[in-house]
Amino acid sequence: MIVARSLRQHAVSTLITVVAAGLASGLVMSVFTVSEQSKVAFTGGDIGYDAVLGAKGSPLQLVLNTVYHLETSPGNIPWAVYEETKARPDVRYAIPYAVGDNLRGYRIVGTTSEIFDVFEYQRGKGFDFDRGRAFSDDRMEAVLGAKAAKDLGLDIGSEFRPSHGVRFQPGTEHAEVYVVTGVLEATNTPADQVVWIPIEGIYRMEGHKVAEGKETVERGAKLIPDEWKEVSAVMIKYHSIAAGMFHKNDVDSGKLYTLAWPIADVMGGFFNKMGWITQILLYVAYLVVVVAAFGLLASIYNTMNERRREFAILRALGARKSTVFSVIVLEAATIAFLGSLLGYAVYLGILSVATVVIRDQTGVVMEAFAYHPALLWTPVGMVVIGAFAGVFPAFKAYSTDVARTLA
Amino acid sequence: MALLELRGIKKSYKSPDGQIQEILDVPAFDVEAASEVAIAGTSGCGKTTFLNIIAGLLTPDAGQVRFEGQVVSDLGEAKRDAWRAKNLGYVFQTFQLLGGYTALENVLLGMTFGPGADRDFAAALLTQLGLGDRLRHRPSQMSIGQQQRVALARALANRPKIVLADEPTGNLDPRFALEALEMLRGLCREHGAALVCVSHDPRVLEAFDKSLDFRDLNLAMAREVPS
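So the sequences go chain by chain: X and L. Counting along the first sequence from 1, when you hit position 97 you're at 97 in the UniProt record's numbering, and nothing is skipped either side. Counting along the second sequence from 1, when you hit position 86 you're at 86 in the UniProt record's numbering, and nothing is skipped either side.
To be clear, the hints were calculated from the coordinates, so they are not data collected in a lab. Keep in mind that the hints are not guaranteed to be accurate.
Said to hold, decoys possible - Below are the DSSO-like pairs computed for lysine-lysine, each with C-alpha atoms no more than 27 Å apart in a straight line:
#	chain 1	residue 1	chain 2	residue 2
1	X	K396	L	K79
2	L	K86	X	K321
3	X	K396	L	K86
4	X	K273	X	K255
5	L	K86	L	K161
6	X	K237	X	K125
7	X	K56	X	K248
8	X	K248	X	K86
9	X	K125	X	K39
10	L	K10	X	K321
11	L	K14	X	K321
12	X	K237	X	K56
13	X	K56	X	K39
14	X	K56	X	K273
15	L	K161	X	K321
16	X	K150	X	K125
17	X	K396	L	K14
18	X	K321	L	K79
Unchecked claim - Listing some non-contacts, in silico: residues in chain L with all C-beta distances to chain X over 12 Å:
#	residue
19	M1
20	R7
21	G8
22	A33
23	E68
24	H137
25	N171
26	P174
27	F176
28	A222
Glycine is no exception: its CB is placed at the ideal position from the N, C-alpha and C atoms.
Chain X extracted, bound-state conformation (with noise of 0.2 Å):
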């Protein structure tokens, strides 16, 4: 009843130490929260092929460009390369990306109709149509992400025209025109915000170099010599682990390319150094706990003098000191109890933006609001400090001169 009280007696400056609590705790959860389920989500447990090949640089960058369409390519590799990978016994199977364009900010991704079919974007899950059906690899067709449909406002039937390079400049348009035959599915991943057209459409793309030297193909001709294609990259399916162990360190042993296997290690190494940056979150997160601890502290102590009539009418009907004691410390838990439920919505508004975000940015979906030991540690260790930091005060009323007091 004295807490209950106290706590509605002194209303404002205990919401304003609930909000503070509040605010503490749910960053403290959400810091927690958002780098591990980034990491699940970018380091690609899930991932349903083995590794990448590409040009002769990072794998980081590699994988960034191709498996979460961000950053830019690190250059290109020959089309023998991609067929010598498709050739190997040990590769399940092996699809060539083209980049390098984009339709109003989307990220345009040339490649052959096999990814519709065999491909798995996540262990299990291949693309499936929501509409329309694949492009023709022979054809000016192309296949839209669910995200990017919906964004760029395209349905089966609709006609664009590529811009070239992988972010929108106005004016920078190829003449080619291309219809969309279909839309996929949403699969949540970034996948869902990238154009697919055939690979060939790519080479034969007005401006396009095909090879070193070698101007655009002239258009209509029927056949590009393989030799004058390339590819940015190739996504690689392996019959078993082994497999990636041998092709890596063949195309390790060639110094001419890069294999970014196991993409995982890549996406896990990456997570690894950037650590830090989590780590400095967290040391913020941390000392806005700590304000907050200090804020309560204030807030009670400032009350101490008011209040110190009333412990000394409690201690003279009775009260132990103890009893004053505990009243103050429990105060304080209390305050920081009610600021771990606010912690809770605070949580959840930040993990809706971040998730948004973050989905927007990458195309990657995190699983927003999955447990972690920290929604359970947060809230007690919040209640646990506020207890801490009522000591203080709880000390001061604890060794109120009674006598004097009323006196």
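Chain X is fixed; fit chain L onto it per the hints.
Showing chain L alone in chain X's frame:
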């Protein structure tokens, strides 16, 4: 054996200029169960210190306070708190009600540390004192006289064996002072509690059959050099 026995009580304070000032020197003071004792004393003569020592809020520098034969002044602070909650009611000159609580809650709070909150008894006590329609009023919503009655109810709520009243009518309009005093005495009689009432108001002192002069009890006052 008296209900309350004080023997050789001494208490001194250090004054701001560093000198030790003797406040109390009470060789003996007894209170029988269910009796009334009125003590006359001027302001600043150590009456409140005297009552605080009886209540266990202060400990004497020397001497003993015995209650029903038990030396309570030697008990630890927590045990004195428990003893006070169980056996003693205290009426302060300024009532010392808690502003954030209703009349009923003020009474219940006093019971919480003793035998436990008894809502019916607390409400009955307040109703007996004419506050039946003021149970949910806060002190600031009541007159001074009504606040005094809440303080009386709180002092009696734990069915104490002794009630200490420190200038219980000091803050009251003279018209209501004697009425409040009679309520206090009536409640003590009804509940079988001894009453020790300290006052400098002659009308209050006259209401009792006999009253003691604090100067006769406290030898420290006799030693004071008149200024």
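We went through each hint and held it up to the structure:
Straight-line distance between C-alpha atoms of K396 of chain X and K79 of chain L comes to about 21 Å, which keeps the hinted pair within the 27 Å bound. With a C-alpha separation of about 16 Å, the suggested pair K86 of chain L and K321 of chain X falls inside the 27 Å cut-off, and the hint holds. Between K396 of chain X and K86 of chain L the CA atoms are separated by roughly 26 Å; this keeps the pair inside 27 Å, and the hint holds. Only pairs whose Cα atoms come within 27 Å are accepted, and K273 of chain X paired with K255 of chain X is accepted, the gap being roughly 24 Å.
Of the pairs offered as hints, the one joining K86 of chain L and K161 of chain L holds, with about 8 Å between alpha carbons and a cut-off of 27 Å not exceeded. A hinted pair counts as satisfied when its Cα atoms are at most 27 Å apart, and K237 of chain X with K125 of chain X qualifies at roughly 13 Å. The hinted pair formed by K56 of chain X and K248 of chain X meets the criterion: a straight-line CA distance of about 13 Å does not exceed 27 Å. Proximity of K248 of chain X to K86 of chain X is assessed by CA-CA distance (about 15 Å); at most 27 Å being required, the pair is judged to hold.
For a cut-off of 27 Å, the pair hint linking K125 of chain X to K39 of chain X stands: about 21 Å separates their Cα positions. Taking the CA atoms of K10 of chain L and K321 of chain X, the gap is about 25 Å. The hint holds against a cut of 27 Å. Between the alpha carbons of K14 of chain L and K321 of chain X the distance comes to roughly 25 Å, so the proposed pair stays at or under 27 Å and holds. For a cut-off of 27 Å, the pair hint linking K237 of chain X to K56 of chain X stands: about 20 Å separates their Cα positions.
Annotation: proposed proximity of K56 of chain X to K39 of chain X holds, straight-line Cα distance about 26 Å (limit 27 Å). For the given pair, K56 of chain X sits about 21 Å from K273 of chain X by alpha-carbon distance, which is consistent with the 27 Å threshold. Taken as a hint, the K161 of chain L and K321 of chain X pair is honoured in the structure, with Cα atoms around 23 Å apart against an allowance of 27 Å. With a CA separation close to 22 Å, the supplied pair K150 of chain X and K125 of chain X stays within the 27 Å bound.
Proximity of K396 of chain X to K14 of chain L is assessed by CA-CA distance (about 23 Å); at most 27 Å being required, the pair is judged to hold. Proximity of K321 of chain X to K79 of chain L is assessed by CA-CA distance (about 11 Å); at most 27 Å being required, the pair is judged to hold. Non-interface status of M1 of chain L relative to chain X is upheld: no Cβ of that chain comes within 12 Å, the nearest being about 24 Å off. With a least CB separation of 21 Å from chain X, R7 of chain L remains clear of the 12 Å interface cut-off, as annotated.
Chain X leaves G8 of chain L outside its interface by the beta-carbon criterion, the shortest separation being 20 Å against a cut-off of 12 Å. Consistency note on A33 of chain L: stated as away from chain X, and its beta-carbon is indeed over 12 Å from all of that chain's, at 20 Å minimum. Here E68 of chain L stays apart from chain X, with its beta-carbon at least about 17 Å from theirs, past the 12 Å limit. At roughly 15 Å, the least C-beta separation between H137 of chain L and chain X is larger than 12 Å, which holds for a residue marked as non-interface.
Separation of N171 of chain L from chain X is adequate, the least Cβ-Cβ distance of about 14 Å exceeding the 12 Å criterion. No Cβ of chain X comes within 12 Å of the Cβ of P174 of chain L; the nearest lies about 24 Å off, and the non-interface call holds. For F176 of chain L, the shortest C-beta to C-beta distance to chain X comes to about 23 Å, beyond the 12 Å cut-off, and the non-interface label holds. Even its closest Cβ contact with chain X, about 23 Å, leaves A222 of chain L beyond 12 Å, as expected for a residue assigned away from the interface.
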